[in-house]
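*Asks:* Chains as they are written, first to last, in my numbering: chain G, 1 to 300; chain A, 301 to 600.
Simulated from the structure, these hints should not be mistaken for lab results.
Owing to the predicted nature of the structure, the values given are computational and were not obtained by experimental measurement.
There could be a bad hint or two in this list.
[Claimed, not checked] Stretch-level coverage of chain A by chain G, calculated; a stretch enters the list once three of its residues show a Cβ under 8 Å from a Cβ in chain G:
1) 462 to 470
2) 514 to 527
[Unchecked claim] No farther apart than 20 Å at their CA atoms in a straight line, the calculated lysine to aspartate or glutamate pairs in the DMTMM-like style are these:
3) G/K160 - A/D502
4) G/K198 - A/D502
5) A/K467 - A/D550
6) A/K460 - G/D202
7) G/K198 - A/D550
The beta carbon of each residue, even a glycine, is placed where N, CA and C say it ideally should be.
Protein chains: 2
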Amino acid sequence: MPTTPTSIAFIGLGAMGAPMAENLVKRQFRVTGFDMREAAREALVHAGGHAAASAREAADGAGAIVLMVVNAAQARSVLFEAGALAALAPGALVVLMATCPPGEVEAIAAEVAKSGRRFIDAPVSGGVVGARAATLSIMVGAPDESFALARPVLEALGDKVFHVGQKPGQGATVKTVNQLLCGVHIAVAAEALSLAEKAGIDGKLLFEIMGGSAASSWMLRDRGPRMHEPDPVVSSAVDIFVKDLGIVLDAGRAAKTALPLAAAAHQMFLASSGLGHGGRDDSQVVRAYRALNAKPANDA
Amino acid sequence: MPTTPTSIAFIGLGAMGAPMAENLVKRQFRVTGFDMREAAREALVHAGGHAAASAREAADGAGAIVLMVVNAAQARSVLFEAGALAALAPGALVVLMATCPPGEVEAIAAEVAKSGRRFIDAPVSGGVVGARAATLSIMVGAPDESFALARPVLEALGDKVFHVGQKPGQGATVKTVNQLLCGVHIAVAAEALSLAEKAGIDGKLLFEIMGGSAASSWMLRDRGPRMHEPDPVVSSAVDIFVKDLGIVLDAGRAAKTALPLAAAAHQMFLASSGLGHGGRDDSQVVRAYRALNAKPANDA
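Just need the whole structure built from these sequences, with the hints factored in.
*Replies:* Shown next as structure tokens:
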């Protein structure tokens, strides 16, 4: 009878990964981390974990590997090229928590299964704040038995663990849908602002009214105020939604599903990036609307 | 020095207008109502108001007229054809509270001004519940002096009275923007559901997760659950958004403002209506997505 592993390889100690790995340490898992940056490895050791010189070494004999890397290509590289998959204990859990296209998650899962390990598709939402406080939402696609084994690991990282389906790729799909809604909600807030400004309405008053009405969204309340700032601090960049709405539309293509609103919103993030604002806060998609609709730019 | 009127003609005693007129009676205004339906007139008398046999008679010598009619054409008909405008006291307030295109509101306002009366552009949101409880949001476009005169009337009807601009049409624009956001938020919730269902995700679980995340909107939480019902009770019909997103796009045309998300959402409400669902609850825009994306219909 397999049990939840106690030794975990953690790959990717960035803004999200570092506090997640530390939360596993706090729950008494033996965590061996790897990141390209030495400072990140040292910080984990300082927090009570262990550091390895490579992903393969981190995975050596471990009962689970958690991947909090940038994208699916990095996950493939770690597992298949760097040899981490083959180094894991037989029957080990492979927990992919990065945001990846559902189709790529399925393909990686198939290769993991061939090696005799269990694949857990478990992307997160909640950002750096949620990663630090262990309050992430985690959307899991995995068979019941694998989910049960991984659950204590996941519950060390988030307080909202949803088992959304038996198949790898279903967790990624829910995360994809989450990004579809978030991206469209940001873009439509900018579109609404653009129409109001053209009519001489004060944008701040507009969002105050809309934020308290049936027209409200979480994003309108969060990003709306930043649309009035000339260059707000970046909480998440325009180019993140260029990428994530790209993943949404790729998922729609793979599933042969028409997504007209997501497609239109993606165009506005793309245009914003093309205008040179890809590194700015994602609220600045409003600059693409202002370019279209002739309201002077924020910094004009 | 003009003062707030005490005698008010109230035209349009429907689901919204009837409780609004009664709220004015409760605040000690002398209210004379007109509606085509005799039962509606009798109900106002029963509540302490007065009834007139025509809009002109209701307006005769009144210090204000409130229009809670179906659309701009009815407002024109009452004011200019039925002769209500000419019957009002000199300098009386003309308060248009129906949802109308901003351009039409401007045109009506110009004719009212020519007659020496004061025009108040004051559409509402908050629905029948808000009309009954006198908790409507009211978005007012009017010069300061006119707004000050109308304010006690408006505050008898709503608890969130926003003075959004000096010009008639600006209140209508804010209401238009409100409908832009509401319509897109309903449609994108259906779009998100459509993608998730295609991947075999349980739609109820999906909305439970999304409703508690950054992907949430007021509409997703309100309309989302009804997307799972085969034929929910109609709170507001698909055809209302066919009309209201039509007003949004007309406002965009008039202002030469591109509204790509509103345009795409309008297509989905149009298609839903064209498929025969115009009279159903607006959550049933999901039927257009299901028709497109081959998920079996609700009632299949």
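*Asks:* Against this structure, judge whether each hint is valid.
*Replies:* These are the hints, each one checked on the structure:
| no. | hint | result |
| --- | --- | --- |
| 1 | 462 to 470 | holds (count 6) |
| 2 | 514 to 527 | holds (count 8) |
| 3 | G/K160 - A/D502 | 17 Å, holds |
| 4 | G/K198 - A/D502 | 41 Å, violated |
| 5 | A/K467 - A/D550 | 19 Å, holds |
| 6 | A/K460 - G/D202 | 17 Å, holds |
| 7 | G/K198 - A/D550 | 14 Å, holds |
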